[in-house]
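**Student:** Could you put together the complete structure from these sequences and hints?
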Amino acid sequence: MLQYTIRRLLSVIPVMFVVSVIVFMIVHLTPGNPALIILGEDTSPKAIADLEEQLGLNDPLYIQFFNWLSQVITGDLGTSVYSERKVTELIFSNFRPTFSLMSLSMILLLVIAIPAAIAIVALRKTVLDPIFTSVSLLGVSIPDFWLAILLVLGFGVALPVFPVAGYVPLTEGMGAWLYHLLLPAFVLAIVEVGIIARMLRDSMLESVNQDYTKTALAKGIKEREVLVRHVFANALIPTTTVLGATVAGLLGGTVIIETLFTIPGIGQLLIDSIHRRDYPVVQGVVLFIAAIYVLVNLLVDLLYTFLDPRIRYD
Amino acid sequence: MFQKKTNVLALCILSLIVLATITAQWWLPFSPTNIDPEKRLTAPSFDHWFGTDDFGRDVFARTVVAAQVSLAVGGIVALFATVIGTTIGLVSGYFRKVDFILMRVIDGFLAFPALLLALALVAALGGSLINIIIALTLAFFPVMARVVRSATLQVKNESYIEAARTTGASHFVVITRYIFPNILSPVIVQSTFIFAKAILAEAALSFLGVGVDPSTPTWGSMLQEAQIYLTIAPWYSIFPGLGIVITVLALNLLGDGLRDAFDPHQVKRKPRTKVA
Amino acid sequence: MKKITLLLIGLIALIGLIGLIGCSSDEGGATKADSSGNDSAEPVEGGKMNVAISADPNTLDWMYTGESAARKIGWHIFEGLFALNQDYEAKPLLADSYEVSEDGKTYTIDLREGLTFHNGEEVTSKDAVASLERWLKVSSIGEITNQHVESLEVVDELQFKIHLNKAYTSLLSDLSAPKHAAVIIPASIAEEAGEQPLSRDELIGTGPFEFDSWKRGNEVVIKKFENYASREGEMSGLTGGKKAYFDSVHFKVVKDPQVILNGMKTGLYDYGSDIPLDLYEVVEAAPDLVAETSNNGYTILTTDKSEAPFDDNKVRQALNAALNKEEIAKATYGNEDFYGLDGALFTPNQTALYSDQNIEGFSGYDPEKAKELLEESSYDGKPIKIMFANSYSDYKKIAEIAEQQLEEVGFNVNLESFEWATYLDKWGKASNWDIVVIGWSPFFSPNQAGMVSQDSNSSGWYNSPEWQQLISDWATAGTEEEKDQILAELNATLYEERPFEKVANVSNLDVRSTSVKSYNSWYGPRSWNTWKAE
Chain A
1 MLQYTIRRLL SVIPVMFVVS VIVFMIVHLT PGNPALIILG EDTSPKAIAD
51 LEEQLGLNDP LYIQFFNWLS QVITGDLGTS VYSERKVTEL IFSNFRPTFS
101 LMSLSMILLL VIAIPAAIAI VALRKTVLDP IFTSVSLLGV SIPDFWLAIL
151 LVLGFGVALP VFPVAGYVPL TEGMGAWLYH LLLPAFVLAI VEVGIIARML
201 RDSMLESVNQ DYTKTALAKG IKEREVLVRH VFANALIPTT TVLGATVAGL
251 LGGTVIIETL FTIPGIGQLL IDSIHRRDYP VVQGVVLFIA AIYVLVNLLV
301 DLLYTFLDPR IRYD
Chain B
1 MFQKKTNVLA LCILSLIVLA TITAQWWLPF SPTNIDPEKR LTAPSFDHWF
51 GTDDFGRDVF ARTVVAAQVS LAVGGIVALF ATVIGTTIGL VSGYFRKVDF
101 ILMRVIDGFL AFPALLLALA LVAALGGSLI NIIIALTLAF FPVMARVVRS
151 ATLQVKNESY IEAARTTGAS HFVVITRYIF PNILSPVIVQ STFIFAKAIL
201 AEAALSFLGV GVDPSTPTWG SMLQEAQIYL TIAPWYSIFP GLGIVITVLA
251 LNLLGDGLRD AFDPHQVKRK PRTKVA
Chain C
1 MKKITLLLIG LIALIGLIGL IGCSSDEGGA TKADSSGNDS AEPVEGGKMN
51 VAISADPNTL DWMYTGESAA RKIGWHIFEG LFALNQDYEA KPLLADSYEV
101 SEDGKTYTID LREGLTFHNG EEVTSKDAVA SLERWLKVSS IGEITNQHVE
151 SLEVVDELQF KIHLNKAYTS LLSDLSAPKH AAVIIPASIA EEAGEQPLSR
201 DELIGTGPFE FDSWKRGNEV VIKKFENYAS REGEMSGLTG GKKAYFDSVH
251 FKVVKDPQVI LNGMKTGLYD YGSDIPLDLY EVVEAAPDLV AETSNNGYTI
301 LTTDKSEAPF DDNKVRQALN AALNKEEIAK ATYGNEDFYG LDGALFTPNQ
351 TALYSDQNIE GFSGYDPEKA KELLEESSYD GKPIKIMFAN SYSDYKKIAE
401 IAEQQLEEVG FNVNLESFEW ATYLDKWGKA SNWDIVVIGW SPFFSPNQAG
451 MVSQDSNSSG WYNSPEWQQL ISDWATAGTE EEKDQILAEL NATLYEERPF
501 EKVANVSNLD VRSTSVKSYN SWYGPRSWNT WKAE
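Chains as they are written, first to last, in UniProt numbering: chain A, 1 to 314; chain B, 1 to 276; chain C, 1 to 534.
Note that these hints are calculated values from the structure, not bench results. Only a predicted model underlies this, so the values are computations on that prediction, with no experimental measurement involved. Each hint should be verified, as a subset may be incorrect.
Stated by the list, open to error - As a list, the in silico DSS-like pairs of lysine-lysine whose alpha-carbon atoms are at most 25 Å apart:
#	chain 1	residue 1	chain 2	residue 2
1	A	Lys46	C	Lys137
2	A	Lys46	C	Lys429
3	C	Lys426	A	Lys46
4	C	Lys396	C	Lys382
**Tutor:** Okay, structure coming up:
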């Protein structure tokens, strides 16, 4: 167990190394001189030379990379060209809305997916099951931003129940926070609901036919109780493996959803910075999101082996 | 029986869309670029089935023509990602020595949500059709590499591979003649899903305004332009979106059907993850 | 087969739902409680006003820049010696009084007593002279004025003189121009900043609000200046009596106009600027919103005349013949109440400056002629780049339609769009573009016309001895007849040399929430002498 944990922890290092190479390359892939791109075209040659010097652009690429990497490791992601603020500071101040959005949609996701899966299994012999399969297929085929547009039309315009945009921090009151965030969080969650619920349903259906379920039923325990106590509990374990992918889905989704609902999170920061050609921020945000994703996957893996010791790495 | 019908239906829908969009210029009642300022933002009618946009252009014609770019991007990305991913997956699964290095690189790519990686790459390369194809290919080939690698690992231990090796077949021959044909089904299934995901991702990029030249109609860029007219011209937002949904749904149905057809006993374990 | 049937049913249901939404979105026309903004309710002090703007400026230095976003924020912070009143006439603001010598060559200006800057220093004639000296150098309008200025002279604490090399009748209109504005800042800052834009710590003016903070791309906050010394009398335009009721005003950058409108309905914003004209009916239908329309100058296509192909007047003529301006304007602005096809240098509502002489060259739409002209010209078929800022939807539309119309006659066209800040960068260099699509706010004298300012990027490097001659004639023009003559000749020069293609005069649509009381409609958001009902 311990050995596995250590090995899994160490495996993060090469992954993060490759991640940082890719992120580093973002600026160097841009056609033309990065200093020129950062400063704009109407800049004096001296200012460009100064920045080249400052960024170390005259060094060989691998030296540039290691210099950059050593800065990143010490927590220095550079400075935004546009706002002249520290990238770490920008990420920090924009992360709260994103965190709010993701937490709320995670809660919504579980609140919707778990009862749905249990209900589907309980009613597996009825028409509900094929409906569910079709809906979940439709779910992965709808672009989330289009679904958001439809929901905005429905619940923001036709029946104005929710505001169609904006964000209020939690400190301004739970009600206002929830009121603004519910619709975007729902859109973000709904896409993943299909995946999680389907995963749960498949695992549950598998264990419904297991011996211990039959034994329990034979003992006269009510089916509902068996489903929740045994079948569901056993299905949870394999489901945790997709949680990592779910977090990736949510992280990627926030980029679009934040832009659509003008929530000032890191997704919007990223899009704005792309439009502004503010590469240090683009690099910082991309690295940050990848790091979170790697971390979440690590935790999920460890949790999984902890829950089910039969499974081993590789 | 049932699965076959789904496949046929999905194929029919896809062929219809492809045929419609390729032949569009010959049968569309309106040109997709024909500006008619007198008819701005008119609701769907007998003349304009899907209404008109803010230039007075026919939304139906534009939705049909937009399929060209969306399908071309999706198809080319699926092809490139499949070729690159399959090559890497085969090499990695077959030669254990390079496996470690290659898989760490793939893990690195997989550490980004796909859309985010594509977004960052387009930001770096600049928004053009070719760059979007490059970015999406880089975003989707790692999944293919993973799938092919694990399939290769399974097939590699089969006795007929050993037999082929002992008769003196070269590594190249073993990979291309013996392994590749046996992993073809997951490759085809996966590339169908990549096709679907690439269409969604292209739409998302265009919607975010980092996609192709604004004057090229794609479903995503139409949705972006439609956004400010959402309350006064909802049809403008609805129909291009339906185009995406129907196409992607057909592809997903096809992928699902193919998977079941290739491997009828397989428990549907792997959920399709959506392009994030 | 069940699966397919269900999927189909699902899809049909979805389409049905969409249809329902589509049908139910037209709301009944509710009547408005408050449309004038003027009511007798008691003023309310305090609170904050949230103004949504579509892009934040590159700098808040109103003297340094001509960006409209800088103007809308800048006039809260800064004030000039003279300013436009409600009728766009130059009236004293920081100046108490002024005298012009017999020969028209010396202006003696007295400052008002008791004026203080936001940093607590008193405003003296030394500050005024230092500010004007900077303005003569960094402002596109100041540069023109500078050709007529001989020297500036401090007389005493509050009095100074402007010595001109000859009589110059546009001086007051230059000093009150609401862009690249001749605002008064502390002498120390004016000298320190020199020809660089003011840094954030240097944003010190005399206005009713002072600069507080700026998160770029996010929001600019200004707060009430407690020691503001107001003029006597009624508020009028930028001058007259001003009083800040709000504690602070937050200018929030919101790119999506739909989001602005929805935010206004829920009280997130109190005022929204630059709403696309298409949404006018949405605003009208909303019971709590009031449309504020104003003259927004006009939109143009500026050609880069320093390089091929538009260095050739034939190609520029071909451009004119290729453009169907009526189609462009109608498709871009929709509602005919909000645009006007008119070729004059000024807009018709600027009665003193408007001349309808010699504007026949404005709309010469004739594709066949365009093809001929292009054939005869030096154009070699190389793609031309049309560049625009994507923060404004009308530029994008004009560019797209122009692309189509130009390609019809044989131009080869590429479009490039950038965010506003990047666009400004790219605009500076001729190799980045061949045509830009841009709007110009109203201007109040021929020498303030930025789209023809000589040899600059904003005019596409227009160099015209004729134009310069007319501008200097204008400076000494005494009578109305002389002025009318010059205005007519300016129009003629415009269509002979074709430095730009005018598309249409346009209105600007801002939106105000009815909770903002006693608001006076003019030319952009002004947050003084107005308050929010509780």
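**Student:** All the hints need checking, so say for each whether the structure fits it.
**Tutor:** Comparing the hints with the structure gives:
Proximity of Lys46(A) to Lys137(C) is assessed by CA-CA distance (about 23 Å); at most 25 Å being required, the pair is judged to hold. Restraint check for Lys46(A) and Lys429(C): the C-alpha separation of about 17 Å stays at or below 25 Å, so the hint holds. Between Lys426(C) and Lys46(A), the direct Cα distance comes to roughly 19 Å. Compliance with the 25 Å bound is thereby established for this hinted pair. Distance restraint check for Lys396(C) and Lys382(C): the Cα-Cα separation of roughly 22 Å lies within the 25 Å cut-off, and the hinted pair is therefore satisfied.
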